[in-house]
Amino acid sequence: DAGVTQSPTHLIKTRGQQVTLRCSPKSGHDTVSWYQQALGQGPQFIFQYYEEEERQRGNFPDRFSGHQFPNYSSELNVNALLLGDSALYLCASSQRGMGSQYFGPGTRLTVT
Amino acid sequence: QKEVEQDPGPLSVPEGAIVSLNCTYSNSAFQYFMWYRQYSRKGPELLMYTYSSGNKEDGRFTAQVDKSSKYISLFIRDSQPSDSATYLCAMSEGGSQGNLIFGKGTKLSVKP
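Those sequence lines, one after another, are chains V and H. Once you know that position 52 of the first sequence is 52 in our numbering, the rest is easy, because the numbers rise by one and skip nothing. Once you know that position 24 of the second sequence is 24 in our numbering, the rest is easy, because the numbers rise by one and skip nothing.
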């Protein structure tokens, strides 16, 4: 049983560019959450998707947007990249109303 | 004041020692408390999950929650070099599937 998978593993982008990160949830999970983890910090909640809709959102600007597909996989899009967006982006999946969140290995984004 | 405070360490102990990791929080609405372990360049891995106050034991790990003091702890007995990692506390108001608020993480090193 594959756990949460994320792609790509690493990404280098230039300021002002746009990036798309992808996540496939653990089998049986229908809810996907995205977190940003800066170096030396704990993860910070960006938003959560369930039934293809954004259900909760953390304190992140509109440059951060997402999507969930019918197969429960998800994308995180970041527009107009800033140097401060450099971080490990983590996807976590869960089953609505049950259990806990399981994290993927993350995508390390570097903005130069 | 941050919602969740966690001493970042680093904490270094000899193999076999009992390790105590702690977090304090300010939001009395938190009801769900989790401990995650994160190895370098990996995603967080769920270790323990506790609802409300009390103790929970799983093998060498014991989680304690004291809601009256807004204080949670993780104890690791008979620590092993493989326990060397960053330990993150996380908590939420609305269930373990919701918006998790993380501490900064404590970096633990267990020396053989």
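No lab work stands behind these hints: they were computed from the structure. Just so it is clear, the structure is predicted and the values come from calculations on it, not from any experiment. Careful: at least some of the hints might be erroneous.
[As the list claims (entries may be wrong)] If you anchor each label on the Cβ, the simulated ranges turn out as follows:
(1) H:77 <-> V:62: 26 to 32 Å
(2) V:58 <-> H:12: 31 to 37 Å
(3) H:54 <-> V:16: 48 to 54 Å
Just so it is clear, CB atoms sit at the ideal spot from N, CA and C, and this is done for glycine as well.
Hint check:
Against the hinted window of 26 to 32 Å, the Cβ-Cβ separation of residue 77 of chain H and residue 62 of chain V comes to about 47 Å, which falls outside the hint. Range check, residue 58 of chain V to residue 12 of chain H: about 33 Å between beta-carbon atoms, so the 31 to 37 Å window is met. In this structure, residue 54 of chain H and residue 16 of chain V meet the distance hint of 48 to 54 Å, their C-beta atoms being roughly 50 Å apart.
Violated hint for the displayed structure: number 1, the only one.
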